[in-house]
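Protein chains: 2
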Amino acid sequence: LTGTFYIILLSGLSSWSFRSHTCGELRSHHVGDTVTLCGWVQYLRQDLFVILRDFSGLTQILIPQEESASHLKAVLCDLTAESVIKVTGTVRRRPAGQANKAMPTGEIEIHAENVEVFNVCRQLPFEIKDFVKKSESLRMQYRYLDLRSSQMQRNLRLRSQLVMKMREYLSNTHGFVDVETPTLFKRTPGGAKEFVVPSREPGRFFSLPQSPQQFKQLLMVAGIDRYFQMARCYRDEGSKPDRQPEFTQVDIEMSFVDQAGIMSLVEGMLQHCWPAEMGPIEVPFQTMTYEEAMRDYGVDKPDTRFSMKLIDLSELFLSTDIEFLRSALGRPRGSVQAICVPSGAKLFTGKDLDGLKQTAKTQFEQELSVVLVREDGTLKSPLRKLLSDSVTEELLNQTGAKPGDLLLIAAASLHTVRPLLGNLRLQCAEILESYGASPRDLSAFHFLWVVDFPLFLPKEDELEQLESAHHPFTAPLPEHAQLLYTDPHKVLGQHYDLVLNGCEIGGGSIRIHKASEQLYVLKNILKEDSSLLSHLLEALDSGAPPHGGIALGLDRLLSIMVGAPSIRDVIAFPKSFRGHDLMSHAPDLVSEEELKSYHISVRWPTDGGGEDEGK
Amino acid sequence: LTGTFYIILLSGLSSWSFRSHTCGELRSHHVGDTVTLCGWVQYLRQDLFVILRDFSGLTQILIPQEESASHLKAVLCDLTAESVIKVTGTVRRRPAGQANKAMPTGEIEIHAENVEVFNVCRQLPFEIKDFVKKSESLRMQYRYLDLRSSQMQRNLRLRSQLVMKMREYLSNTHGFVDVETPTLFKRTPGGAKEFVVPSREPGRFFSLPQSPQQFKQLLMVAGIDRYFQMARCYRDEGSKPDRQPEFTQVDIEMSFVDQAGIMSLVEGMLQHCWPAEMGPIEVPFQTMTYEEAMRDYGVDKPDTRFSMKLIDLSELFLSTDIEFLRSALGRPRGSVQAICVPSGAKLFTGKDLDGLKQTAKTQFEQELSVVLVREDGTLKSPLRKLLSDSVTEELLNQTGAKPGDLLLIAAASLHTVRPLLGNLRLQCAEILESYGASPRDLSAFHFLWVVDFPLFLPKEDELEQLESAHHPFTAPLPEHAQLLYTDPHKVLGQHYDLVLNGCEIGGGSIRIHKASEQLYVLKNILKEDSSLLSHLLEALDSGAPPHGGIALGLDRLLSIMVGAPSIRDVIAFPKSFRGHDLMSHAPDLVSEEELKSYHISVRWPTDGGGEDEGK
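From first to last, the protein sequence lines stand for chains E and X. Counting in our numbering, the first sequence runs from 1 upward without gaps. Counting in our numbering, the second sequence runs from 1 upward without gaps.
Incorrect hints may have been included.
Since the list can't tell identical chains apart, any single copy or any two copies may satisfy a pair.
[Claimed, not checked] Below, in silico cross-link-like pairs of lysine-lysine (DSSO-like), each with a Cα-Cα straight-line distance of 27 Å or less:
{"id": "1", "residue 1": "K596", "residue 2": "K193"}
{"id": "2", "residue 1": "K86", "residue 2": "K309"}
{"id": "3", "residue 1": "K385", "residue 2": "K129"}
{"id": "4", "residue 1": "K101", "residue 2": "K86"}
{"id": "5", "residue 1": "K527", "residue 2": "K596"}
{"id": "6", "residue 1": "K402", "residue 2": "K165"}
Note that these hints are calculated values from the structure, not bench results.
Let's have the full structure, built from the sequences with the hints guiding it.
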């Protein structure tokens with residue numbers, strides 16, 4: 001625990017406490033002081049020392065060896081690891097040569113004069129030492145032990161501090177009002193991922209909302225002007241692994257603002273709350289249109305920590321004889337594209353290349369052409385003989401491929417070839433890293449705005465019908481407002497996504513604030529039952545200001561900041577990979593008797609019956 | 001909107017906004033500036049002025065009368081109330097004699113030069129004026145309009161600021177960690193008031209907890225040391241009116257602390273967050289034992305803003321001939337008690353006295369003796385003739401009753417007579433206030449700690465069996481620890497309630513931190529199935545520090561601070577008196593199809609069937 005970011009004011013850390021100091025606090029200028037520490041026994045050393053731990057660090061306690069202190073010695077030597085004690089004693093400088101420079105309190109030790117044992121610890125399922133590896137399920141079952149690790153202590157404290165600084169920025173500096181919105185709400189149209197909560201009225205259910213979207217807009221209609229909330233949100237993703245059914249978003253909305261305003265606000269907030277120890281972040285963040293992101297990175301949330309962009313080779317192969325390329329180019333929006341993996345030819349094994357081809361085949365149903373550039377500049381590839389010298393030269397020229405590099409070439413419609421190469425680009429970066437290459441700076445934080453998304457997309461199963469790319473409340477670009485009524489599929493929206501290191505950590509939009517426009521979108525474009533949103537439409541007709549906002553995924557943001565593999569590492573009591581609380585065993589059985597007052601009963605699945613299709 | 005408490009930094013209030021200033025901001029030193037305001041049309045005056053409103057106040061906009069501005073004039077004169085506009089213009093000093101001293105911006109007006117109409121408002125169900133009375137159901141149905149009132153704006157902003165200052169105190173000054181705990185949890189033993197949430201596993205349910213009690217204790221076991229959370233809690237009170245199914249508590253827990261420590265912490269926090277405009281609050285708060293509270297006020301949450309304490313007259317009537325007094329005194333813990341209502345004889349009508357007797361009869365099954373002290377010092381009462389001169393004199397002496405005062409006398413077991421008179425005491429204060437008397441200072445805030453509660457109480461329906469007075473995790477007073485094993489019904493607990501003006505606004509305790517003691521309480525004293533809490537017992541056995549905490553009811557605290565009749569007035573989107581969201585119509589019907597994936601079906605009540613017993 002060396003960082004100081006999450007310990008702002010050491011002075012108040014022991015107020016109202018049995019202790020006089022924390023275990024991370026004492027230095028040589030305390031020598032001679034009588035102090036009281038409380039904490040957990042990390043370990044005993046040679047019956048001479050107890051190493052005592054609390055959230056702030058470790059302190060060495062010297063066990064007195066004098067005959068007169070034999071009782072005290074006996075008590076201390078008897079302690080099991082993780083027992084909880086209070087020790088009073090005198091701070092001493094450690095004998096010459098025994099200072100521990102790796103330990104912040106390493107210059108001193110406490111000569112114990114008094115001890116109180118609060119609790120003796122039984123044998124634990126695992127030791128509380130950072131190097132002890134525990135299985136995920138053991139960590140979840142004994143979460144209260146897992147949280148004692150310095151990593152989890154740091155993550156939870158960082159989370160608390162980060163949120164506090166966001167609040168200061170929003171509330172104290174810019175007048176945002178922290179408003180709590182209900183979580184017992186009404187089911188939204190098409191809200192298939194919303195948990196239901198039975199009420200005591202037969203057949204009537206509340207619903208746990210996926211976000212406070214409607215409420216934040218209503219608060220703008222209510223004249224709150226600026227709203228924020230660290231909002232608990234719920235999403236029932238059923239059987240999907242590694243999703244948390246409840247999560248937290250930094251939810252923001254303001255009136256009389258445009259897209260640029262919200263973007264500046266978020267940049268200012270992140271800059272303000274960013275821990276100094278992680279290095280400064282620069283604003284404004286890079287901005288890219290959706291079209292540019294798809295063109296250059298094949299994905300709408302590009303990892304801009306490295307290049308390896310998609311290269312369009314369609315022109316080069318326009319008059320090619322190579323059958324699969326020509327046929328791809330002949331199709332609507334057909335394209336030939338490549339990425340160049342620096343040192344890929346040198347580093348990648350045949351197995352790596354097979355893996356990439358496998359991804360292309362299974363996830364995208366595409367063939368992938370692999371071209372290795374040998375050290376002498378010649379190509380190794382099934383394509384080699386089909387390429388003329390001039391095309392070969394132009395290929396190397398356009399892709400910038402150098403000896404030792406690897407080219408991955410795919411040909412299909414843009415709709416397919418971009419996501420394919422976007423996916424392989426990330427996979428290649430990981431392979432390169434596994435060989436010790438550093439295509440991206442893993443300690444860097446690259447924020448990126450992606451803007452100008454299409455407002456509507458064709459439905460997957462019914463291409464003629466449009467659905468919202470994000471949600472039905474997003475306003476069109478001002479210059480596209482009329483296109484809504486003539487060419488809705490061409491309309492771009494005032495939606496913006498915030499991307500960090502290739503992960504979407506937030507999204508928002510300027511909302512439609514006119515009832516007539518909102519009604520047209522719901523009824524005429526989306527063909528939805530607008531009566532379910534009649535309260536919102538009525539509100540827009542009651543003096544709604546122009547407004548917009550954003551929601552940031554707090555758990556995701558934090559997990560990227562601390563480099564955690566899962567958001568479970570930044571949540572105190574997460575559900576397991578399979579959505580269970582392994583500590584308390586939730587969800588749990590409830591008796592039919594208890595369900596009676598909610599007027600529901602369980603439909604137990606029957607073998608071979610249709611009822612468990614939903615599983 | 002005159003208070004300044006909730007507008008800390010005016011400077012950042014217009015950042016990123018279309019406006020240059022808020023509608024409450026401009027003063028005479030702005031004269032000559034070109035400004036842009038955004039807001040709602042409060043009203044038009046004589047086709048000369050538009051009064052524009054936002055959350056911060058009102059500004060007068062001068063409609064230009066020049067021919068060259070005829071279009072602008074037409075647009076402005078056409079505006080309906082509550083339409084939303086942006087106006088750019090020049091700040092002018094109002095002509096001599098036209099300044100409005102009642103209006104913070106009353107020295108200036110804006111000469112409009114440009115207007116943009118964002119939204120025209122339709123006819124509303126009620127006007128947005130503070131003096132317009134609306135029915136509760138209309139307010140709830142159109143909550144986004146109701147929130148535009150200056151009262152509701154103030155309440156929500158005060159709430160936001162108050163919480164922010166609590167956070168600063170806890171997090172920045174004293175190192176508390178803001179930890180979010182899950183709301184999808186396991187049903188707790190006897191948790192009859194917990195909403196259930198069906199999962200996609202047949203028969204298995206999450207539960208929405210009534211408080212994060214278990215999690216906060218587990219965080220202490222986890223070494224978090226100091227935790228707080230503005231915690232959303234849920235309580236399904238079924239058909240009880242005026243209860244909110246979700247509410248917020250300021251949830252606090254810390255390790256290595258005793259009862260006095262937690263009490264100081266809360267006092268410091270409330271003092272820190274208390275709005276200056278409400279006057280300072282003094283610490284430490286008054287402390288009273290449960291026994292003292294019951295003895296003097298007949299209730300465990302006394303309103304200490306006024307005296308009118310219970311007076312024990314048992315000694316006086318020890319050898320009385322009056323039958324009902326003697327018989328009461330002859331019963332176990334029998335007692336004769338009185339309260340003296342100053343000026344009660346002068347002010348109370350016969351109807352008032354009947355009302356008091358009615359309360360005694362219907363709620364407590366007791367007769368109430370009423371004694372009026374006439375202006376000449378003689379008594380008017382059915383008791384009068386039964387009292388000797390010396391007893392009469394002693395009665396007036398002990399009760400301090402003066403001419404014009406009223407004595408209410410009841411005789412029963414302490415168990416009954418105290419709550420009866422405690423109840424009548426409050427009723428009398430209200431009656432006095434209805435006649436313009438001021439028994440209590442209604443602008444004062446009297447905080448009070450009540451301590452030394454019994455740890456267990458006999459079950460109502462099974463007097464031999466004990467149940468927890470608060471919850472099973474409360475530790476006994478240190479000096480009563482051994483009594484647990486010998487005389488549990490005599491044990492007092494380390495529980496403390498915080499009372500404000502006669503309302504309980506918080507409660508907490510030092511918890512049991514030894515597994516063996518916790519197990520003994522659950523198993524041997526409460527006879528509960530301890531296996532349901534096995535994870536907590538296991539945690540206590542894994543190195544649990546001594547710890548304790550408190551939870552404050554944020555909604556209740558705020559409603560007392562602002563003098564609101566209901567907590568609905570300090571919640572943005574509350575449920576109605578009957579538990580419904582009248583705006584969106586939650587709870588709502590959900591199709592059987594949608595319930596299928598949760599493996600539940602609705603049990604529709606049949607006429608005369610047993611199924612709707614729970615209603």
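Going through the hints against the structure:
1. K596 with K193: both (25 Å within a copy, 13 Å between copies)
2. K86 with K309: Neither: 59 Å inside a copy, 45 Å across copies.
3. K385 with K129: neither (59 Å within a copy, 83 Å between copies)
4. K101 with K86: Within one copy, since 25 Å is at most 27 Å while 63 Å is not.
5. K527 with K596: between (38 Å within a copy, 25 Å between copies)
6. K402 with K165: For K402 and K165, neither the intra-copy (47 Å) nor the inter-copy (60 Å) Cα distance is at most 27 Å.
When held up to the earlier numbered hints, the structure conflicts with 2, 3, 6 and fits the remainder.
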